[in-house]
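Please construct the entire structure, taking both the sequences and the accompanying hints into account.
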Amino acid sequence: MIANNKTYILLFFSLLLVSISSCDRDDICVEPVTPQLILRFYDNIDVGDLKDVANIKVWSEGRDTLFNNRTTDSIYIPLDTTFPETEYFLKTEDLTDTLTINYTNNQVFVTRSCGYKGIFEDISTTTTENWIENITIIENTIENENQAHIHIFH
Amino acid sequence: MKIKHTFIYSISLILFSVGITFAQDQDSVSVKKEHRLRVGIDISKPIKSAFDKDFTGLEIAADYQITKNIFAAVEIGYSDQNLEEDYFKYSVDGSYFKVGPNINVYKNWIGMNNEIYFGLRYAYSTFSSEVTELTVYQNGTYFDPFTSNGTTSFTNLDAHWAEVTMGIKTEVLPNLFLTLGAQLKRLLSSTEPENFKNLNIPGFDRVFANDTGVGFTYMVSYSIPLFNKKNKKPKEI
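Residue numbers (my numbering), protein chains in the order written: chain P, 1 to 154; chain E, 155 to 391.
Since the hints were made in silico from the structure, they are not lab data. Take the hints with a grain of salt, since some may be wrong.
Okay, the calculated bits of chain E under chain P, using three or more residues with CB under 8 Å as the criterion [to be verified]:
1. 209 to 221
2. 236 to 242
3. 245 to 255
4. 281 to 293
Even glycine gets a Cβ: it sits at the ideal position worked out from N, Cα and C.
What follows is the structure in structure tokens.
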């Protein structure tokens, strides 16, 4: 052999140390998980133009208000991963509409540390029309937050 | 690495280092024929099975001496584990075998049979897997996340991988060997379950993000005399 016993023992222990320390850290969830619903607001007359909703308030029955008094043309809101329906109240100034989103719940495996994310398939909506004029569903399945899923015209 | 495993492992390192030193103090010379066959068992698995209700497993090994320093080794085992991650629980159940050469690089004194070995393995496992509980991962707690206690089963899975192994074998009593070994593993291919992943494979254990793994064995093995000739010669000076 080219080296003596002591060298081999040293090599053996160093390789063992390397083997312990070289394990990849895969115990933090960094991937995108359950997506939120992305709503974008457009002008009902000039349908290509984004239109801010003044002082928007969004909430679901019996829960906290999301976006208290912001003026914006797009919002991200969570959907219920357990039930096939989520109902939101959308209020601008003093007008309130009720938006109901229906879908099929499903779960998709992500990674060891994230586990599963919820996705929402076969989206359909109903709404009251106190300030909302029209709705277009852009994405039939919500599984990421890469673009707006629903356009609302007012 | 769990602190407990690192601790046990370090104690074993120290014990076997002592074992090597001790084993070199023998004086009598017995010349045995080559082509020794050794059969052994990984004692860490039955011990773990006894203390860990989520683990049942066994591994037996054999190695056959081809030349003075080259051995053909094979390991066969099974494991049935219940495992838990942050957001789901799953179980893996299956068996495996590994085969390959070991090369001893330790220069033994005459009559000694200790080893520092390096080896390679090709390994194969067939197994089945189940997800038994899950909670979806969502940002925020506006709505409660979906939770399921239903079971999703994946059957007829298999995997191939390669290992680089290394270890220390000491003959602590005549024909009785203790081995401390470590393996670096690389998954070659596996059948992936639908909407899940092989996170743990029998014989491979935990699969890390880049399809690599590590393992340790604590083996007790016995050398079966295949040839009855055993010439005891007094040591000549």
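(message) When I compare C-beta atoms, does the segment 281 to 293 of chain E have three or more residues closer than 8 Å to chain P?
(response) holds (count 6)
(message) Can you tell me if the segment 209 to 221 of chain E counts as covered by chain P, using C-beta to C-beta distances under 8 Å and a minimum of three residues?
(response) violated (count 0)
(request) Confirm or reject the coverage of the segment 245 to 255 of chain E by chain P under the rule of 3 or more residues with a beta carbon closer than 8 Å to the chain's beta carbons. (result) With 0 residues closer than 8 Å to chain P, the segment 245 to 255 of chain E misses the three-residue bar; violated.
(message) When I compare C-beta atoms, does the segment 236 to 242 of chain E have three or more residues closer than 8 Å to chain P?
(response) holds (count 4)
Hints 1 and 3 from the list above are not met by this structure, while the remaining hints are.
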